[in-house]
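**Q** Residue numbers (this note's numbering), protein chains in the order written: chain C, 1 to 456; chain L, 1 to 456.
Any given hint could be a false lead.
The list treats identical chains as interchangeable, and a pair is accepted whether it falls inside one copy or across any two copies.
Claimed, not checked - In silico BS3-like cross-links for lysine-lysine, where the CA-CA straight-line distance does not exceed 27 Å:
1. K441 - K424
2. K101 - K292
3. K234 - K211
4. K48 - K211
5. K441 - K48
6. K292 - K215
No lab work stands behind these hints, which were simulated from the structure alone.
2 protein chains.
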Amino acid sequence: MLPQKARQLLLEFLDEKDYRSSIEDRITYSYDASRESCMPDAVVFPKKVAHVSRILEICNTYRIPIVPRGAGTGLTGGAVPLSNGIVMALKRFDRIIEIDKENFCAVVEPGVITADLQTAVENIGLFYPPDPASMDASTIGGNIAENAGGMRAVKYGVTKDYVMGLEVVLPNGETIHTGSKCVKDVVGYDISRLFVGSEGTLGVITKAILKLVPKPEAKQTLMAFFPDIAIAAKAVPDILLKGIAPTTIEFFDRYCIDATREMMGFPIPTETRAMLLMDVDGRASEIPATIKRLHDVCISHGALAVEIAVDAAAQDQLWRSRRSLHGALNTIRPCWEEEDIAVPIARIPDMIRAFNAIGEDHNVLIVSFGHAGDGNIHVSLAAKHGNTPSKNVTAARHAVLKEAVALEGRIAAEHGIGMVKRNKIGWNIDHGTLSFMKNLKDLLDPHHILNPGKVL
Amino acid sequence: MLPQKARQLLLEFLDEKDYRSSIEDRITYSYDASRESCMPDAVVFPKKVAHVSRILEICNTYRIPIVPRGAGTGLTGGAVPLSNGIVMALKRFDRIIEIDKENFCAVVEPGVITADLQTAVENIGLFYPPDPASMDASTIGGNIAENAGGMRAVKYGVTKDYVMGLEVVLPNGETIHTGSKCVKDVVGYDISRLFVGSEGTLGVITKAILKLVPKPEAKQTLMAFFPDIAIAAKAVPDILLKGIAPTTIEFFDRYCIDATREMMGFPIPTETRAMLLMDVDGRASEIPATIKRLHDVCISHGALAVEIAVDAAAQDQLWRSRRSLHGALNTIRPCWEEEDIAVPIARIPDMIRAFNAIGEDHNVLIVSFGHAGDGNIHVSLAAKHGNTPSKNVTAARHAVLKEAVALEGRIAAEHGIGMVKRNKIGWNIDHGTLSFMKNLKDLLDPHHILNPGKVL
Numbered sequence: 001m002l003p004q005k006a007r008q009l010l011l012e013f014l015d016e017k018d019y020r021s022s023i024e025d026r027i028t029y030s031y032d033a034s035r036e037s038c039m040p041d042a043v044v045f046p047k048k049v050a051h052v053s054r055i056l057e058i059c060n061t062y063r064i065p066i067v068p069r070g071a072g073t074g075l076t077g078g079a080v081p082l083s084n085g086i087v088m089a090l091k092r093f094d095r096i097i098e099i100d101k102e103n104f105c106a107v108v109e110p111g112v113i114t115a116d117l118q119t120a121v122e123n124i125g126l127f128y129p130p131d132p133a134s135m136d137a138s139t140i141g142g143n144i145a146e147n148a149g150g151m152r153a154v155k156y157g158v159t160k161d162y163v164m165g166l167e168v169v170l171p172n173g174e175t176i177h178t179g180s181k182c183v184k185d186v187v188g189y190d191i192s193r194l195f196v197g198s199e200g201t202l203g204v205i206t207k208a209i210l211k212l213v214p215k216p217e218a219k220q221t222l223m224a225f226f227p228d229i230a231i232a233a234k235a236v237p238d239i240l241l242k243g244i245a246p247t248t249i250e251f252f253d254r255y256c257i258d259a260t261r262e263m264m265g266f267p268i269p270t271e272t273r274a275m276l277l278m279d280v281d282g283r284a285s286e287i288p289a290t291i292k293r294l295h296d297v298c299i300s301h302g303a304l305a306v307e308i309a310v311d312a313a314a315q316d317q318l319w320r321s322r323r324s325l326h327g328a329l330n331t332i333r334p335c336w337e338e339e340d341i342a343v344p345i346a347r348i349p350d351m352i353r354a355f356n357a358i359g360e361d362h363n364v365l366i367v368s369f370g371h372a373g374d375g376n377i378h379v380s381l382a383a384k385h386g387n388t389p390s391k392n393v394t395a396a397r398h399a400v401l402k403e404a405v406a407l408e409g410r411i412a413a414e415h416g417i418g419m420v421k422r423n424k425i426g427w428n429i430d431h432g433t434l435s436f437m438k439n440l441k442d443l444l445d446p447h448h449i450l451n452p453g454k455v456l
Numbered sequence: 001m002l003p004q005k006a007r008q009l010l011l012e013f014l015d016e017k018d019y020r021s022s023i024e025d026r027i028t029y030s031y032d033a034s035r036e037s038c039m040p041d042a043v044v045f046p047k048k049v050a051h052v053s054r055i056l057e058i059c060n061t062y063r064i065p066i067v068p069r070g071a072g073t074g075l076t077g078g079a080v081p082l083s084n085g086i087v088m089a090l091k092r093f094d095r096i097i098e099i100d101k102e103n104f105c106a107v108v109e110p111g112v113i114t115a116d117l118q119t120a121v122e123n124i125g126l127f128y129p130p131d132p133a134s135m136d137a138s139t140i141g142g143n144i145a146e147n148a149g150g151m152r153a154v155k156y157g158v159t160k161d162y163v164m165g166l167e168v169v170l171p172n173g174e175t176i177h178t179g180s181k182c183v184k185d186v187v188g189y190d191i192s193r194l195f196v197g198s199e200g201t202l203g204v205i206t207k208a209i210l211k212l213v214p215k216p217e218a219k220q221t222l223m224a225f226f227p228d229i230a231i232a233a234k235a236v237p238d239i240l241l242k243g244i245a246p247t248t249i250e251f252f253d254r255y256c257i258d259a260t261r262e263m264m265g266f267p268i269p270t271e272t273r274a275m276l277l278m279d280v281d282g283r284a285s286e287i288p289a290t291i292k293r294l295h296d297v298c299i300s301h302g303a304l305a306v307e308i309a310v311d312a313a314a315q316d317q318l319w320r321s322r323r324s325l326h327g328a329l330n331t332i333r334p335c336w337e338e339e340d341i342a343v344p345i346a347r348i349p350d351m352i353r354a355f356n357a358i359g360e361d362h363n364v365l366i367v368s369f370g371h372a373g374d375g376n377i378h379v380s381l382a383a384k385h386g387n388t389p390s391k392n393v394t395a396a397r398h399a400v401l402k403e404a405v406a407l408e409g410r411i412a413a414e415h416g417i418g419m420v421k422r423n424k425i426g427w428n429i430d431h432g433t434l435s436f437m438k439n440l441k442d443l444l445d446p447h448h449i450l451n452p453g454k455v456l
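Bound conformation, chain C alone:
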C-alpha cells in the first residue's frame, strides 16, 4: 500500500486514467517476458516530463520503489516491480517528435515502438538498425534502458551505438540533458552511456536523440551448410577479415537444424551439422559480387553447399527457419531454459565444444543458436530425459556462464542483468569496479527508489 499522503499528492496532477490501482491493472503490470512477477501497489501513466519529475520527487520523499516500464518484453525481469511500489508505464510518451533527415537523426519519446520508428524512417529513405527480436512490441525507451541488440549488430552495432543524446529525469526529480545532434561533441562529460543499459535503475528516459543512417538499397540472403559447427564458426572471423560486412551472421547447431529441417523447404545436405544464415545489404549493384565472395569463403572453409536466395520470397523462406526456431525446439523437448551470453567471436568454437562437455557432464541437452557475427550465443537447455532432475539444468546453466567468463566472454549480451543474473555480476566485474558502480547508483539514487533489486 502506498502512503496515503503520497497517493494524495499523485492524484493532484494525475487523473483516474493516469493513476490506477485496480487489481486488474496491478496484475497487468506485475510481470514481464521473464515470467517473473510481483504486484505493484499502483500503476501511473504520465504524459509530460513535469509529471515524471513530480512522481519521482514524491517517490523519493516517501521512499516508494518505482519501476519505469516500456512494453515489458525484457527477459531478465527488468520491469518487474520486485519491491512492490509503483510501476511507471511510459506508453503515453509515444511521439516521434522529429525526423531530421539531413542531419541523420530522430528525436523520439521513449514509448515509441521500435518497429514504428523503423517504418517511419524507412519511408523517407533512412534506417534505424537496432532490431531486437521483440521490436514489433518493444519500445525505444526499453531498448535504451536494456541496450537492446539484435541480428544486425554484426554490421551496425547495438542500441548504444545509436543514442546521440538523452533527456533523463533523475530520482530526485531533476531533469538533465546529455549529448547533442552533433557527430563530434566534446563538451563536458559523456554521460549518455551511463543511462544506456542501466535498466531503469539510474533515471527515467523521457526523450532520445537517435542516430539514423541511409537506408540500404537492397538486401540478399545466403545460407551455408557445414559438416561441423566448429568449422562454421571458424569461417566467421575470416569473412569479416576479408572486409565482407554481412548485416547478420546467424548460426544454427545440429539440434536446431533437426528441429527446423522439415519447415525449411529447401534441400539440406545430409551431412549438415551446422548452418550460417547471412544477410548482405548495400548497393544493389555491389551485392552480387559480395554474395559471391561470401560463397567462396564458406566453400573454402569446408561448406558442403551454399544456398543463395534470389528473390524476396526465397529470402523469406531461408529466414523462416530462424524465426520459427523457438517454436521448433519445443517439438524436441517441451520445456527449455535460456541463457544469453557473449564471447569474443573467435572463441565461439571453444564455447561450442564446452556446450557438448557440459551437456554430457550434467545429462542436459544444450542447443545453441544466435549471432555468430558478434559472439552473442543464445543457449537453450533442457532435461535430456523426463527423469533428469531440474537441478541438473540449473547446474548446466551455471557451468555455461562460468565457461563464457573463462573465454573472456560476458554473462549477459543483450538481454540485461535484471533480477535474474544480479547475483552473478561479480563473475564479470571485479570488486573495485563494482563498488564504483554502486557509488554511482548511490549518488544518483541515494534512497534506492528506482527499480530496486536490479543490476547491482
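We have chain C already, so just place chain L on it with the hints.
**A** The following block gives chain L in isolation, referenced to the frame of chain C:
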C-alpha cells in the same frame, strides 16, 4: 613546492629517472600545444599501474594537483599544470600488449603513439580509423582523454567509437576495469564513456581495449570545385543520403583556396569559391562506381568541375592543399586565432553565412575549413588590418561560438574544453546537467587533485 613528506614517499618507489624536478624538466612539461603554460613542481614517469595508483594515493593524501599527460599535442590546455603540482607523463606505458586479429581489437597502453598503432594493425590487415591531425605524435591515452576526432570521422566515427574497455586508476588510487572484448555486453553500467573525453579529470587511463576494423583494400580521392560555399555545403547531406559513405569530406572556403591555389598544381576553375576534398575507401572493384556517383552528385549540385586522382601521386597532390593549409594561411595574415566548433551537418550553410556577417560586424577576417561531412568546422580568425584591435578578434570568436550554439551546435567538437573554453561550457549544457557532472567529479575526485581547472 611539493610537501617534503610526499616527495619522500614518491622517491620510495620512483628512481631519479622517474621523478624529476630540474628546471629543464619542469619547463618541458609546463606547456602543451595550446601555448598556455604553467610550471609543475615535479614530473613523474611511472612504468606500472601500481606506481600510478600509489602516486595518485599520495597526491590525494597531500592534496597535490596532478595532471596526466600524453604527448601534449592538445589545443585547449588539457595537459597544462594550471595549479602547479605534479605532471604525470605516461610515456613509459608504451606497449601494444596484444593485437587480437580474429576478435578485431587491440589491447594497448596509453603512451602508444597513435600512428604506431595504426601501422602495427595495418601491417596485419586491420585498421584503427581515428586520425587526429597530430597522430604522428599524439598518444592513444591522450586521444581517449580528449575523445580525439579527425578526418575519417564521416565514415568511421571518432575515438569514443573505438574504445571497448578501459583500465582506469581513480584519484583515490583504486583501479577499475570497464567494458570487454565483446561486441555485445550488458553486464553492469557502461562506464567507459565517462572517462573518454573527460580530459584527465576523472581518472588516469592505464590500458585500453580498442576496436579495430578490416583494412580497406583501396582508396581514391576526388576534389570538387564550387562557385559558392553554401552550394558546396548543401551537397554534403545529399551525398550521405544517397548512401555514399566517403571516408572524409573536407571543405575549403575561398580564402583557403586563394592561400593554397599556387601550391595545388592542378587547374582550378576561375569562379571557384569553395572546394570539397573527398576520399572514398573500400573494395578496389567498387571504388570507380562510387567515385562516379560522387562526381555526379557534385555536378548535379552545381560543381564547376571535379578532379579525380587516378593514382597515389595525384591523391597526394590533392591532399597537399589540405595539409599545407595552416602554413598557407600565414601568407595572408601573420597571426590567427582558432576555434573548433560543430554543427549538425545541414546547418553548415547557415554557419558559413554567419561567419560573413560576424566578420563584417567586427572587422575581422574569418576563414573556415574542416570536416563538412561531420559538421566540425575549424575557424581561423585574424585582424583584417594591422590596426584592428585584438578585442575585435575576441568578440568575433565569442560571436562564432554563440552562433554555433544557436544552430544546435557545440562550442567544442574535437579539441576539448580544457582550460580555454571552461567558462563557456554553460552555453551548451544546462545548469542541472552541469551540476550533475560536478557531482560526478566530486564523487570520483573529492579533493579535486586530478587536473584541476579543466572542463568544469
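**Q** If you test the structure against every hint from before, which numbers come out violated?
**A** none
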